[in-house]
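Engineer: Below are the chains, spelled out letter by letter.
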Amino acid sequence: MERQAFQKIYTHLTNITKATVTLEAGDVGYEEMAIVHGRLAQVVKIMGKMITLQVFSGTEGIPTDAEILFLGRPPQLKVSDELSGRFFNAYGDPIDGGPEINGEIRDIGSPSVNPVRRKQPSQLIATGIAGIDLNNSLVSGQKIPFFADPDQPYNQVMASVALRAKTDKIILGGMGLTNDDYLYFKNVFENAGALEKIISFVNTTDNPPVERLLIPDMALTAAEYFAVDKNESVLVLLTDMTLFADALSIVSNRMDQIPSKDSMPGSLYSDLARIYEKAVQFPSGGSITIIAVTTLSGGDITHAIPDNTGYITEGQLFLRRDTEIGKVIVDPFRSLSRLKQLVIGKQTREDHPQVMNAAIRLYADASNARTKMENGFDLTDYDERTLEYAKAYSEKLLAIDVNVDTETMLSISWDLFSTHFSKAEVGIKAAITEKYWKN
Amino acid sequence: MERKNKTTGKVVGIVANLVIVETNGPVAQNEICFIHLGQENLMAEVIKIVGIKAYVQVFESTRGLKVGTSVTFEGHLLEVTLGPGILSKNYDGLQNDLDKMKGVFLTRGEYTDPLERDSLWNFSPIAKVGDTVYAGSWLGEVMENSIPHKIMVPFKLEKKYTVRSIVQAGTYTVDTTIATIKDDEGNEIAISMVQKWPVKMPIKAYDNKPRPFKLLETGVRCIDTLNPITEGGTGFIPGPFGTGKTVLQHAISKQAEADIVIIAACGERANEVVEIFTEFPELEDPRTGRKLIERTIIIANTSNMPVAAREASVYTAMTLAEYYRSMGLKILLMADSTSRWAQALREMSNRLEELPGPDAFPMDLSAVISNFYARAGFVYLPNGTTGSITFIGTVSPAGGNLKEPVTESTRKAARCFYGLSQARADSKRYPAIDAIESYSKYLEYPEVQTYLEKNLGKEWLGQVLQAKDILLRGKEAMEQINILGDDSVPLVFHDKYWKSELIDFIILQQDAFDKIDASCPMNRQQYMLTSVLKVANTEFKFDGFEEIGGFFKSIINIYKQMNYSEFQSEKFTQYESELNTLVSNKQVNE
Ligand SMILES: Nc1ncnc2c1ncn2[C@@H]1O[C@H](COP(=O)(O)OP(=O)(O)OP(=O)(O)O)[C@@H](O)[C@H]1O
Ligand SMILES: [Mg+2]
Chain E
608 MERQAFQKIY
618 THLTNITKAT
628 VTLEAGDVGY
638 EEMAIVHGRL
648 AQVVKIMGKM
658 ITLQVFSGTE
668 GIPTDAEILF
678 LGRPPQLKVS
688 DELSGRFFNA
698 YGDPIDGGPE
708 INGEIRDIGS
718 PSVNPVRRKQ
728 PSQLIATGIA
738 GIDLNNSLVS
748 GQKIPFFADP
758 DQPYNQVMAS
768 VALRAKTDKI
778 ILGGMGLTND
788 DYLYFKNVFE
798 NAGALEKIIS
808 FVNTTDNPPV
818 ERLLIPDMAL
828 TAAEYFAVDK
838 NESVLVLLTD
848 MTLFADALSI
858 VSNRMDQIPS
868 KDSMPGSLYS
878 DLARIYEKAV
888 QFPSGGSITI
898 IAVTTLSGGD
908 ITHAIPDNTG
918 YITEGQLFLR
928 RDTEIGKVIV
938 DPFRSLSRLK
948 QLVIGKQTRE
958 DHPQVMNAAI
968 RLYADASNAR
978 TKMENGFDLT
988 DYDERTLEYA
998 KAYSEKLLAI
1008 DVNVDTETML
1018 SISWDLFSTH
1028 FSKAEVGIKA
1038 AITEKYWKN
Chain H
9 MERKNKTTGK
19 VVGIVANLVI
29 VETNGPVAQN
39 EICFIHLGQE
49 NLMAEVIKIV
59 GIKAYVQVFE
69 STRGLKVGTS
79 VTFEGHLLEV
89 TLGPGILSKN
99 YDGLQNDLDK
109 MKGVFLTRGE
119 YTDPLERDSL
129 WNFSPIAKVG
139 DTVYAGSWLG
149 EVMENSIPHK
159 IMVPFKLEKK
169 YTVRSIVQAG
179 TYTVDTTIAT
189 IKDDEGNEIA
199 ISMVQKWPVK
209 MPIKAYDNKP
219 RPFKLLETGV
229 RCIDTLNPIT
239 EGGTGFIPGP
249 FGTGKTVLQH
259 AISKQAEADI
269 VIIAACGERA
279 NEVVEIFTEF
289 PELEDPRTGR
299 KLIERTIIIA
309 NTSNMPVAAR
319 EASVYTAMTL
329 AEYYRSMGLK
339 ILLMADSTSR
349 WAQALREMSN
359 RLEELPGPDA
369 FPMDLSAVIS
379 NFYARAGFVY
389 LPNGTTGSIT
399 FIGTVSPAGG
409 NLKEPVTEST
419 RKAARCFYGL
429 SQARADSKRY
439 PAIDAIESYS
449 KYLEYPEVQT
459 YLEKNLGKEW
469 LGQVLQAKDI
479 LLRGKEAMEQ
489 INILGDDSVP
499 LVFHDKYWKS
509 ELIDFIILQQ
519 DAFDKIDASC
529 PMNRQQYMLT
539 SVLKVANTEF
549 KFDGFEEIGG
559 FFKSIINIYK
569 QMNYSEFQSE
579 KFTQYESELN
589 TLVSNKQVNE
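Sequence order for the protein chains is E and H.
To convert, note that position 388 of the first sequence is 995 in our numbering; the numbers rise steadily by one, no gaps.
To convert, note that position 506 of the second sequence is 514 in our numbering; the numbers rise steadily by one, no gaps.
Honestly, the hints are just simulated from the structure, not real lab data.
Treat the hints with care, as some may be off.
Stated by the list, open to error - What follows is a list of derived Cβ distance ranges for each label pair:
#, chain 1, residue 1, chain 2, residue 2, range
1, E, Asp703, H, Ser127, 54 to 62 Å
2, E, Gly892, H, Gly465, 55 to 63 Å
3, H, Lys56, E, Gly665, 30 to 38 Å
4, E, Gly645, H, Lys164, 58 to 66 Å
5, H, Glu292, E, Gly892, 27 to 35 Å
6, E, Gly905, H, Ser127, 56 to 64 Å
7, E, Gly645, H, Lys18, 28 to 36 Å
8, E, Glu957, H, Asn593, 27 to 35 Å
9, H, Asp367, E, Gly665, 25 to 33 Å
10, H, Lys18, E, Thr618, 42 to 50 Å
Stated by the list, open to error - So, partial list: chain E residues that the calculated Cβ filter (under 7 Å) puts toward chain H:
#, residue
11, Ile623
12, Lys868
13, Ala976
A virtual CB, placed ideally from N, CA and C, is assigned to each residue, including glycine.
Isolated chain E (complex conformation):
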């Protein structure tokens, strides 16, 4: 534990709540770290001499005569190449039994990149999953979450995306991971033989929830080190941001702040934006891409957490079980990658944008036909064809177990078009249809 001879030790707490303690102290900086009864804490409010600290691991058992030591610094992380391949907790301490890290000390939660120093993202990240590459292409420097119900295999999908993406580093920020999921990530990373390019900061369900608040900043401080200092492309995985936001609401509720929608703090948008906006493409070549998970309750995206997330991120990938084919698919309706237009038809084949749009439009026609059918109406010949098409489209392209390159995805799409529809029904620009239509 950090302790220096001249540091003043306080021994009297005047107030204790579930998440915070208050004491009289002087010369304390805002957001400074402290140790309260052996637990890490951070200054969240200063009123004259009264200092309120948020105790990350909770205040259970803390007595009024607890020892309080101020550390004179904000939360920090040591950064160096030694981070590679290692697992840490929310405070940046190793949890894999390995040695301490040597490196430069950096404050976490650092300032934002000057917008004029950014470069427009332009590098496609291929994942092999058509629901992503064909319909919602990822671009390096993007920030995008999976929206998924808790029972969907989002961590598995995210892990395979991470391993297939060609990036220099993968940084996992796990918040409220179950121990099983933590071990799952550890296993896939090890089995892929990719451990040396992976760094993990993990808070599991066994750890106190408020500790999670540090995870994104830890992961992103490490990411900035590799992206800025080493010009590397870094992929940051944040799962599950809903649990992060829950921790925010715990703290703000205990500090008696007026909650806004869904008992979330009024600052939720800014709090989440501060994290997601760390995604960036630097002119020097380094980049930070953020793929996150936001779990939904009962598919409700109007809840404050997914809603604010959607307003911040550059699209979202919606996982849904397609009962007809019995597989999880990337839902083409609610999913969106806002940066896709920077790469599709440019880094991919020219027909990509039109094929993508036409395929989804026809899929939408199928869903109208299905509604008709469910309401007991007769289907037209066109309706019937859209339904057949939708099933094949879902199976061959939308399912998350698809793993092919983009050119193949386009070719499959043209196959589906010509099998089920006429050129006019597909409605793609004549010049392109002439070139790619399959007879």
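Guided by the hints, dock chain H with the ligands onto chain E, whose structure is given.
Structural biologist: Below, chain H with the ligands alone, put in the same frame as chain E:
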């Protein structure tokens, strides 16, 4: 508010970016102060005063700040610096020039000069010695990019003055005295090309503000044709996330026939601003052939930048707009998103522990929004010329619910409503403006109707209303078809439905990413609407509903090709004649 001795104070409390300062002298509401944290000076604004305690919102992170830190009050409100050299700049919400900042990351306490003090400007005088002048009177002009930038009597000078001297035509720096003026008491004032103005006060150097009456072309069919906005008009674009607010605003800012476009990226994504930085220096203004960036000012206070400065950013943008409007220019101001500004107000109001209004927003939200929108408008300047600020803000309703406080307050303030619909966005019917729910109050203004009649012909308004009517009928027909089934409704229902689809696909939908379709000039819009309505007014002979769908799909397909082709090009006319053949084959012959 100028004081001989600056008031000072000491920090006594800190909660995030709300800091409480004990003062030793007079302070004013909204006065600016600096908190001296080590080498860094953190700028802040007074937002509440209780006894000797000033509550200030800091425009920076307060990390490391301690009780006892000294504070100096500046004796003025939050101000912008006005003068030539503002165009093409990238500012933050407090008008710091972002390009002048060192380093990749924003440094706390770094404030940069909004203008170039060393640049020389080619000045030519407008006023003569002996002229009577007032605040806002034009003394001379310099060419800023291609815009005649007027050098005016500072807006803060509230009296009547006489010009004592004015420099000859020549090149000068912005700080050079270009004129001296004298008030009735004989006090002489030296005027340079630079002046300052507090952002929360409207600049009112105009004679009067009539109701807007001129159409402002945006190149977006769904706006210009169906729900036009006017020069000096106000509009807002609410929509759930991802429905196309930003894409629509960017499209408008590229195409609109304005002299100057000011874009306030208020609490949104940094990458969207980078897109402008990247594209605007390349893209041409279709009217002048000059690069778009030359007529653009960007105020970037993105979501990860300090929240208090986010609130300031929209005011900074509006003040710059008012400055240029006073030069007799046509300004288009865009803010994306005004909800983030409202949220910044909410965060602060919560920290101040004020009694919250609906959804924890401050009670006066509605008034704040109305006052802001009221600063837009078309004006007659004292010298008989006109200027305008057209303002379009986006709104990001929580949960996509239009009944929330920011949307409702904005609805009261703005005259055009461009509601984006989730369903339309989901089915990629872009721009996802719900043409039935949306409105332009300007269409009801007699002066606007007269203008339309004069410029687009007597039939135009009738055509627009007919198009809206067809859309509505089509929607009703579709509902009936959904309830009763395809073959249980008369064929005419299908006919109605497909005619509305025709208008939807060809007039409403527009591909913002296609070179040609992205921008549609008014004469082309008129041509297309006339053509589409002709088809819609044609009686066809069909044997069954399936035939109707098939027929209209092929028509829509050809029309789409027309939208993608150069107007009146060979290809365009070729598609058109293909279309005519198709139509006349199916048409009922009298
Ligand atoms: N006119 C259009 N043509 C084609 N695609 C569009 C159009 N408008 C929007 N889109 C698609 O929708 C995406 C989201 O649009 P946009 O970023 O404008 O949404 P938004 O309403 O501003 O969302 P947010 O509130 O989250 O900022 C775009 O990235 C693009 O893929
Ligand atoms: Mg947007």
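Engineer: Find the hints from earlier in the document that the structure breaks and name them by number, from lowest to highest.
Structural biologist: Hints 10, 11 and 13 contradicted; others consistent.
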